[in-house]
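Colleague: From first to last, the protein sequence lines stand for chains A and B. Each residue of the first sequence is one higher than the one before, starting from 24 at the first, in our numbering. Each residue of the second sequence is one higher than the one before, starting from 3 at the first, in our numbering.
Think of the hints as simulated: they come from the structure by calculation, not from any bench. Careful, some of the hints might be misleading.
Under the rule of at most 25 Å between Cα atoms (straight-line distance), these lysine to any residue pairs were calculated in the SDA-like manner [what the hints assert, rightly or not]: (1) K67/A - P161/B; (2) K124/A - P30/B; (3) K286/A - A189/B.
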Amino acid sequence: MRIRQTSSDAAMTGLGWLVLGLAAVFMIAPAILVVVLSFSAHDKLVFPPQHWGLRQYDTLAGSQYWLQSIVMSFKVAIPTAVLATLIGVPATIALERSRMKGKAVLRMLGIAPIILPGAAYAVALYLFYAQFHILGSFWGVVAAEVTIAVPFVILIVGAGLRRISADLELVAMSLGASRLRATLGITVRLLVPSIAASLVLAFVTVFDELVLINFVGGGQIITLPKAIYDSFRTGTEPLITAIATLSMVVTGMLMLISTHWRKASADRT
Amino acid sequence: MTASVTMPVPASRAPRDLSQSWSAERGPLIGLALAAPLIVLVVVMLLYPLGKLISIAFDDGDGFGSITAFFSSAAHIRTMRLTFVDSAIVTLVCVTVGSVVAWALHTTASRLTKAVLWASIILPFLMGSVIKLYALVVLLERHGVINRALMGIGITDSPTRLLYNQFAVVLGLTYHMLPFAVLPLLAGFQTISPDLVKAAESLGASRAYALFSTVLPLSLPSMLATGTIVYIICLGFYLTPEVLGGPTTPFSSSLIAQDVFQFYDLKSASVSALVLLVGSLVVVLLAYALVGRERLARAVAA
Numbered sequence: 024m025r026i027r028q029t030s031s032d033a034a035m036t037g038l039g040w041l042v043l044g045l046a047a048v049f050m051i052a053p054a055i056l057v058v059v060l061s062f063s064a065h066d067k068l069v070f071p072p073q074h075w076g077l078r079q080y081d082t083l084a085g086s087q088y089w090l091q092s093i094v095m096s097f098k099v100a101i102p103t104a105v106l107a108t109l110i111g112v113p114a115t116i117a118l119e120r121s122r123m124k125g126k127a128v129l130r131m132l133g134i135a136p137i138i139l140p141g142a143a144y145a146v147a148l149y150l151f152y153a154q155f156h157i158l159g160s161f162w163g164v165v166a167a168e169v170t171i172a173v174p175f176v177i178l179i180v181g182a183g184l185r186r187i188s189a190d191l192e193l194v195a196m197s198l199g200a201s202r203l204r205a206t207l208g209i210t211v212r213l214l215v216p217s218i219a220a221s222l223v224l225a226f227v228t229v230f231d232e233l234v235l236i237n238f239v240g241g242g243q244i245i246t247l248p249k250a251i252y253d254s255f256r257t258g259t260e261p262l263i264t265a266i267a268t269l270s271m272v273v274t275g276m277l278m279l280i281s282t283h284w285r286k287a288s289a290d291r292t
Numbered sequence: 003m004t005a006s007v008t009m010p011v012p013a014s015r016a017p018r019d020l021s022q023s024w025s026a027e028r029g030p031l032i033g034l035a036l037a038a039p040l041i042v043l044v045v046v047m048l049l050y051p052l053g054k055l056i057s058i059a060f061d062d063g064d065g066f067g068s069i070t071a072f073f074s075s076a077a078h079i080r081t082m083r084l085t086f087v088d089s090a091i092v093t094l095v096c097v098t099v100g101s102v103v104a105w106a107l108h109t110t111a112s113r114l115t116k117a118v119l120w121a122s123i124i125l126p127f128l129m130g131s132v133i134k135l136y137a138l139v140v141l142l143e144r145h146g147v148i149n150r151a152l153m154g155i156g157i158t159d160s161p162t163r164l165l166y167n168q169f170a171v172v173l174g175l176t177y178h179m180l181p182f183a184v185l186p187l188l189a190g191f192q193t194i195s196p197d198l199v200k201a202a203e204s205l206g207a208s209r210a211y212a213l214f215s216t217v218l219p220l221s222l223p224s225m226l227a228t229g230t231i232v233y234i235i236c237l238g239f240y241l242t243p244e245v246l247g248g249p250t251t252p253f254s255s256s257l258i259a260q261d262v263f264q265f266y267d268l269k270s271a272s273v274s275a276l277v278l279l280v281g282s283l284v285v286v287l288l289a290y291a292l293v294g295r296e297r298l299a300r301a302v303a304a
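Bound conformation, chain B alone:
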């Protein structure tokens, strides 16, 4: 017979779960509580409305019927093509010119150049989106500043039509988007030393070759990320094409607005909006595959 001895466990001194109370990160429940208002906002103001949009777009029971109807309309195709092509032109101009401006900001030693370039980024930003449009209309109008100047110095006799065409839309979008392109590009360039170009030149490369063989490959990801952001913002632009483009060059957003406010055709508006959403999503996913999430997120943040 053996005597069994059991050690009493002191009930009052249960070991504290140190991993819980001393972690730098809060527990999942506290996180959930803190994020609850945002979760409610996202569900009510984003997911539900988008769900509603999709359900109305596919309303008629035959599933993709409304989508095929959308793509069989010549006017819709034309608008979509215009939207995607014009946005591509704007993106190309913004990334090219934006890169030159950002590189100059990064490398110049002249305070004057720096001041002028910063002013050219900040002043349009200060105006706000609607006042920018106002300023452009004042410039481009039939009896606007540019036409008066052109006639004043005798280049043309009668006012040139500068407003309400594709040119005005591309100009207006570029004017709006250029500052938003320069900032992320500048952030990308800041990691590249200007000495690289000098090194390449000292090894015999021409200025152009030096830039294209050192700076371009290093900054390509940030250019792609910037281009993506500019492109998808352009795709969804509503006010600029509406005000500067007029009825002959409708953007897909104007199509949506027209359906809602003039024809009260909510179904058609939903289908257009869905096509636009899916189009932008495809662009984002392509960029995601090309440059990765981190860089894309950085381009949004800057």
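Chain A extracted, bound-state conformation:
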């Protein structure tokens, strides 16, 4: 069937394409710009660059300050992601598969740290840390980061758990398995891809986190985002383009792996 095209329809379609085009340019251009600039050979940001090379990457490889900040980010993000998983996975099983009272409230409180206004929550933690003199302590920072990594575990593992039939555990138990064995052997095993995906997302989130570090890190815990943030005071440091390019590549690969795992878990159940 042919649908009559009026001029207003054409205008509507045109407007739609215009919005899409502008949105795409607006969203993609900054990323491409940073990648392109990372291959310029100038000691200041110049656009368009006249000379090309790996100068930014060389400077980065030779800078103790920046390398140490990257190491610090790993040092914070890895234990945080592991702790968040250890706390979040059993709790999610309890939230989804038990007759515990107050599940809805606990779930809401567990997710709250990523929904509360960042600075308001950060200042609450600041007051708490100041009272116990743990501002700037490494494990204090990790504990703060755990609270914003756990919500991702609850959301992702919860979604994964809802796709796994609860009856599978019962089948295992009717065949003689104990509750513990059925939980570990069936449910947790089927959950492994979701758990891995949430581990990766928690890691990426914490690696990128800055608000809480800024408040409770006491200026001593300098992670990569904190180092970049501090550099804004002195202008636009060109070697950040190299960091940006590398971190986009790594984050992209991690996200691909994690999506693959989540898809795998959806296919298996």
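Mind docking chain B on chain A? Use the hints.
Modeller: Then chain B, alone, in the frame of chain A:
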């Protein structure tokens, strides 16, 4: 005389409580044990600090004195208004543009369009929050890319001030939030068949009327849910206004940070934080009443 005969109950064979051992759900105690670490985390890292914040905000004994003092300061009112208005602008742009992008992703048959649109959602996400700010500063700086381009093609002679104003803050927040708006909107659209629009058009509706009379009402709840999430995340934003806005356009979060790090006025910071928390809570409750918990939860999850 009657002989009473009692049947002995075999003590060794008490009936097993099957309802307990064969339920798909674990008992309350096991649940509690599994959730214990999370409960400890929530109490120590969330409830106690928030309680501390509230007690410091109401410290001075006259109860609401600090709150009234907060609202009688013109600077505070200005900051709060700026925060709530700018966040509303960003939310409106994100939901509108995000809807167009999500609808195009849902309906387009072109692989190229799909690829470009997905790239425009994923690339900013990959950069991370701080590097996004860096990229925007490089673009908007006084001698940045856009100013050079504008002067290069002769639109302006001297650099335009693009950074450290309200425009830069709204732009930066939109840049950050747009991908987070598209995903839940797309999830909402996925339940709506594009054939509905064709059906409406075949019955004589114009393209615009067809979209507004079929897709809009069906997706309104998911738009409201998405808008709520975007709005409350914007309200609490700290880094973007701090870096792109500069001192003349403070967001409420910058106010809090300033109180903590420059004036060491923890009481004032607590009051600002409390106002911000209550403001966001009101927004969430309004949305809750409008669209319900399920949809809101789905918008968070996506």
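Colleague: Does the alpha-carbon distance linking K67/A and P161/B stay inside the 25 Å limit?
Modeller: With Cα atoms ~18 Å apart, K67/A and P161/B stay inside 25 Å; holds.
Colleague: Can the restraint linking K124/A and P30/B be considered satisfied, given a maximum Cα separation of 25 Å?
Modeller: 7 Å, holds
Colleague: Are K286/A and A189/B close enough, with their CA atoms no more than 25 Å apart?
Modeller: With a Cα-Cα distance of about 16 Å, the restraint between K286/A and A189/B holds, given a limit of 25 Å.
Violated hints are absent here; each numbered hint is respected by the structure.
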